[in-house]
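Undergrad: Take each chain as given, in its own frame, and dock them per the hints.
If you read the protein sequences in the order shown, they are chains A and B. For reference, each letter of the first sequence is one residue, going 8 to 288 in our numbering. For reference, each letter of the second sequence is one residue, going 99 to 352 in our numbering.
Check each hint, because a few of them may be wrong.
Unchecked claim - Just a sample of chain B residues kept apart from chain A, beta carbon distances all over 10 Å, derived:
id: 1; residue: G116
id: 2; residue: T166
id: 3; residue: Y175
id: 4; residue: K295
id: 5; residue: R312
id: 6; residue: P341
id: 7; residue: I347
What the hints assert, rightly or not - The calculated lysine-lysine pairs, modelled on BS3-like cross-linking and capped at a C-alpha distance of 27 Å, are:
id: 8; chain 1: B; residue 1: K129; chain 2: B; residue 2: K110
id: 9; chain 1: A; residue 1: K184; chain 2: B; residue 2: K236
id: 10; chain 1: B; residue 1: K186; chain 2: B; residue 2: K292
id: 11; chain 1: B; residue 1: K162; chain 2: B; residue 2: K219
id: 12; chain 1: B; residue 1: K193; chain 2: B; residue 2: K118
id: 13; chain 1: B; residue 1: K162; chain 2: A; residue 2: K106
id: 14; chain 1: B; residue 1: K295; chain 2: B; residue 2: K226
id: 15; chain 1: A; residue 1: K190; chain 2: B; residue 2: K186
id: 16; chain 1: B; residue 1: K186; chain 2: A; residue 2: K184
id: 17; chain 1: A; residue 1: K190; chain 2: B; residue 2: K219
id: 18; chain 1: B; residue 1: K211; chain 2: B; residue 2: K226
id: 19; chain 1: B; residue 1: K193; chain 2: A; residue 2: K190
id: 20; chain 1: A; residue 1: K190; chain 2: B; residue 2: K244
id: 21; chain 1: B; residue 1: K226; chain 2: B; residue 2: K186
id: 22; chain 1: A; residue 1: K184; chain 2: B; residue 2: K243
id: 23; chain 1: B; residue 1: K243; chain 2: A; residue 2: K277
id: 24; chain 1: B; residue 1: K131; chain 2: B; residue 2: K230
id: 25; chain 1: B; residue 1: K218; chain 2: A; residue 2: K190
id: 26; chain 1: B; residue 1: K129; chain 2: B; residue 2: K295
To be verified - Among chain B residues calculated to face chain A with C-beta under 8 Å, some are:
id: 27; residue: M189
id: 28; residue: K193
id: 29; residue: P198
id: 30; residue: N199
id: 31; residue: W235
id: 32; residue: S277
id: 33; residue: Y328
Hint data in this document are derived by calculation from the structure and do not stem from the laboratory. Just so we're clear, the structure is a prediction, and the values are computed from it rather than from any experiment. We put the beta carbon where it would ideally sit given N, CA and C, even for glycine.
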Amino acid sequence: MRMISRKNTDRLIAWLSLAITIIAIIPLLWIIGCVFANGASAINLEFLTDTPAPYGESGGGVANAILGTLVINTMASLFGIPIGVLTGMYLSEYASSGKFSSVIRASVESFSGVPSIIFGIFAFTLIVTTVQHYTALAASFALGLMMVPIVAKATEESMRVVSDDMREAAIALGIPKWARTVKIVLGVARGGVITGSLLAFARISGETAPLLFTSLFSFYWPTGIDQPMATLQVLIYNFALSGYPDRVLQAWGASLLLVILVVAINVVVKFATRPKYKEGV
Amino acid sequence: MTNDSVKLDILKLDAWFGDKQALKGISLRIKPKTVTAVIGPSGCGKSTFIRCINRMHELTPGNKVAGTILLDGADIYNDMDSMDVRRKVGMVFQKPNPFPNMSIADNVVAGLKLIDAADKKELEEMAKENLKAVGLWKEVENDLKKSGASLSGGQQQRLCIARALAMRPEIILMDEPTSALDPASTAKIEELVKALKTETTVIIITHNVQQAARISDMTAFFYLGELIEYDETRSIFESPKSPLTERYITGRFG
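One chain only, chain B, in its complex shape (with noise of 0.2 Å):
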């Protein structure tokens, strides 16, 4: 049953660390090309419901994931190999992580290089083009040859989306980008993920309420473990349906 309208489909999705259960029962449907926030108070689930997504989860001995996920139609934890989610699903971490061995416009393409060995000419473009969507490419013009390690913090975590938009992948999870950056660097993150909507489709979860109603299209609020409430971004601010929800966005609690 492949829909148009969704990108991802998510069904009665369950997680464990161990014993200890961390999702139940997550079902939703991820329209393509538009941003989803997850937000809801630590430990609720979100990084663990987005790790499941490209399959990092089940990276740690005891972890264990049920349910469905299908990506345009395509079960990722049946019918795909779990390296090739990776390349389609794409991951953006908290802390800025760039090869720290690796020049600004080798941690761009490490993904391509390390991959499928594509010839220098064609990295050097790639590398160019995807610092220029991530707005990195007049500032590091220059300075290509440096360490990924040598840019500011906003830059790294720019430099990082920018290796992941290089495996043009379908899919963008976003883990607290901008919670350890500065204001500045943050609303440049924020205008990034933005414009990323019209060729992928980003899930993002973040800490920040306002963050989520100036970014994204729909929102998606867990706690506990459960999906609370999921629905557009407007009405969830405007309207939740759910008094936890009302809670949580206004502040008293979380």
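This is chain A alone, in the form it adopts within the complex (with noise of 0.2 Å):
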């Protein structure tokens, strides 16, 4: 009788948990799928290669958006990975369990919750109003700040997960401590801050608000970094808000091709954590 009962409550919580799942699951699929019906028919190569097109024109394109997207994140990568890799190899290897180290800690943890647009705003004021006009290199910056708790908290756990065998085995060789931690530590970490870093780079690719205090837009190829640039975050929400038909098309296309780069992440961080050395002899 017992036995019975206690499958049966086993067999509730397994199709409850998976129900409860599936619902969770349905808006995910909601979004994706009215992403792809209403921007798959935006996509053409004239949308992939083209400036967008005077208002009221129909056609042209979405092309400078989409390199002002990936050059503001290469710029923003550029700069948060490194300081992120460093913040969470110092968190790792290096901070004792000091005041100090604890401050860092919990900056880094507080840092990570930090609404995006204090980013912008903050970008803002450091750098837009001072140089008084929008610059590609604000929104680099702001999102380039964004990376950084994530990557350092990547890194600081992959690297701490790193068994004590391996810098122990490394010390008895008489390596130096930064070649231990930079060439074996974070050579075995490796995976994990890889991992983080396209993460935070598929995080800041969904950023709007910072970008509209700092990139703005533009209808333009890019002429310089300095200059105000457009990418794909703010031409959805120009576009999708302009009431013109042809241009909420195009806010749905681009929409689509950033679904598209994160899922593309997603596959690269797949790739990216598999084992370099083939495993088995």
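TA: Okay, structure coming up:
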């Protein structure tokens, strides 16, 4: 009797969790399906290679925004990933249990909870108001800052789980600490660091608020990294609210491109975290 | 007082874990190109002893060392930098620990590569030479680019010995190097240890007294942090002076 009721409880929990998982997945699939259904028809060669058409004219593309997103994200990564990796490395290998490190650790924690618009306003105040015009550099600065805590935490955690056997082996060989940290511990942890960096990249690819304060938008090809620059995110924001059916369609298309970008990054993460060497003899 | 027949001169060595004393006044002399076995029950200070010889004991905060260790007459605690000590005194651990992020060849020369950047050709030569020295070359010749972690346990341990040998150490410390291995791999490592003493001096901890009898010239028996008896291996096994030693090697405790 007891046995049966235990089995029933087991089954109930299994079904319940499955049902709730499905309910949770529905909105996600809905969003992706919606973006595909509405955006797929917008995508053609012109859309991928041309700049936006003037208001009232049909056609045109979002190529300048694709380029802008890639340029701004790349610059943000060049700035955010090294700082994040070094911070994580410090926390894992150098920080003692003292007050200073706990302050840094707490800062990194709360840093990752700061709303993205705050990063935008910060970059706006610091850079845009100083140089007196919108600039892609300020956007990269804001997004790069957002990457730091994500990369730092991923680096710290993946370095921490590296077995002390590795550190001891390196110490016993007389390898100095910097080389142990960078070549051995970071080397062993590289999969986690790459994953964290790519996830940070994916995360900033969806940010719009910081860009409204920094790179703003442009209808033309980028002329320099110190100039306003179009991005897919701001283009979606502008076009979706424009009221022109052509533009709204293009906003759907741009959304689809962003979704594809993020999915692509996740696929790359899967590949990047595969072991470098083949296991087994 | 440099004496050609003394490689390592240990004088009144004490070691502590925090307040707990793990070694009490250990004094012994080790001759060059010999194999010395360190035996004794768990917790007797064997590992602490060898970790004092490459200055790894002091790495844990709170640990302390007192006394003198002379390597070829140089005081390793006062006359030498800890990193230099570790380059001259290599170590092989109980659990094989190749670097999984490096290929087999790179594992062998990891120390050389990360300390003084040697040229590529030279490193390849060194990798080959040391893999041959541990009898691993034939087995991995075609897999040099594979991860060190892809090898079997016994092969990994020989790879770790090759990695230590590549530094051309004066002394090699081994902390129960075969306790995680199958009998066939153990036999290979034992042969290797015997061969190593033509080039270097080996100090090996073992829980297996037969192993000590098979491979060592000298045996040191430790008990509760003290050196009870240190003599030629044959004397230790044939006519131990201390009843404690006799009881341990005949398996009556430990």
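Undergrad: Hint by hint, say whether it matches the structure.
TA: Each hint tested on the structure:
With a least CB separation of 16 Å from chain A, B:G116 remains clear of the 10 Å interface cut-off, as annotated. For B:T166, the requirement that its beta carbon stay farther than 10 Å from each beta carbon of chain A is met, with the minimum near 21 Å. Against the 10 Å criterion, B:Y175 stays outside the reach of chain A, whose nearest CB is about 16 Å from its own CB. For B:K295, the shortest C-beta to C-beta distance to chain A comes to about 20 Å, beyond the 10 Å cut-off, and the non-interface label holds.
With 10 Å as the threshold on Cβ separation, the claim that B:R312 sits away from chain A holds: the shortest Cβ distance comes to roughly 25 Å. With a least CB separation of 36 Å from chain A, B:P341 remains clear of the 10 Å interface cut-off, as annotated. The non-interface label for B:I347 is consistent with chain A: the shortest C-beta to C-beta separation is roughly 29 Å, beyond 10 Å. Our distance criterion of 27 Å between C-alpha atoms is met by B:K129 and B:K110, whose separation comes to about 18 Å.
Between A:K184 and B:K236 the alpha-carbon distance is near 34 Å, which puts this suggested pair outside the 27 Å criterion. Of the supplied pair hints, the one linking B:K186 and B:K292 holds, its CA atoms being roughly 20 Å apart against a limit of 27 Å. For the given pair, B:K162 sits about 42 Å from B:K219 by alpha-carbon distance, which is inconsistent with the 27 Å threshold. Annotation: proposed proximity of B:K193 to B:K118 holds, straight-line Cα distance about 26 Å (limit 27 Å).
The straight-line distance between the Cα atoms of B:K162 and A:K106 is roughly 25 Å, inside the 27 Å bound, and the hint therefore holds. The straight-line distance between the Cα atoms of B:K295 and B:K226 is roughly 20 Å, inside the 27 Å bound, and the hint therefore holds. The hinted pair formed by A:K190 and B:K186 meets the criterion: a straight-line CA distance of about 22 Å does not exceed 27 Å. With a C-alpha separation of about 17 Å, the suggested pair B:K186 and A:K184 falls inside the 27 Å cut-off, and the hint holds.
About 21 Å separates the Cα atoms of A:K190 and B:K219, which keeps this hinted pair within 27 Å; it holds. Between B:K211 and B:K226 the CA atoms are separated by roughly 15 Å; this keeps the pair inside 27 Å, and the hint holds. Between B:K193 and A:K190 the alpha-carbon distance is near 21 Å, which keeps this suggested pair within the 27 Å criterion. Between the alpha carbons of A:K190 and B:K244 the distance comes to roughly 18 Å, so the proposed pair stays at or under 27 Å and holds.
Our distance criterion of 27 Å between C-alpha atoms is met by B:K226 and B:K186, whose separation comes to about 21 Å. Restraint check for A:K184 and B:K243: satisfied, since their Cα atoms lie roughly 26 Å apart, inside the 27 Å limit. At most 27 Å may separate the alpha-carbon atoms for a hinted pair to count; B:K243 and A:K277 meet this at roughly 23 Å. Taking the CA atoms of B:K131 and B:K230, the gap is about 20 Å. The hint holds against a cut of 27 Å.
About 17 Å separates the Cα atoms of B:K218 and A:K190, which keeps this hinted pair within 27 Å; it holds. The suggested pairing of B:K129 with B:K295 holds, with an alpha-carbon distance near 11 Å, which does not exceed 27 Å. Interface restraint check: B:M189 against chain A, minimum CB-CB distance 4 Å, threshold 8 Å, status holds. A hinted interface residue such as B:K193 counts as satisfied when its beta carbon comes closer than 8 Å to some beta carbon of chain A; here the least separation is about 6 Å, so the hint holds.
Taking 8 Å as the C-beta cut-off, the interface hint given for B:P198 holds, the closest approach to chain A being about 6 Å. Here the hint on B:N199 is kept, as its CB sits about 4 Å from the closest CB of chain A, short of 8 Å. The closest approach between the C-beta of B:W235 and any C-beta of chain A is roughly 16 Å, which is over the 8 Å cut-off, so the hint fails. Hint status for B:S277: violated, given a least beta-carbon distance of 15 Å to chain A, over 8 Å.
Interface hint at B:Y328: violated, since its Cβ lies 24 Å from the closest Cβ of chain A, which is beyond the 8 Å cut-off.
Hint check: violations occur at hints 9, 11, 31, 32 and 33; the rest are consistent with the structure.
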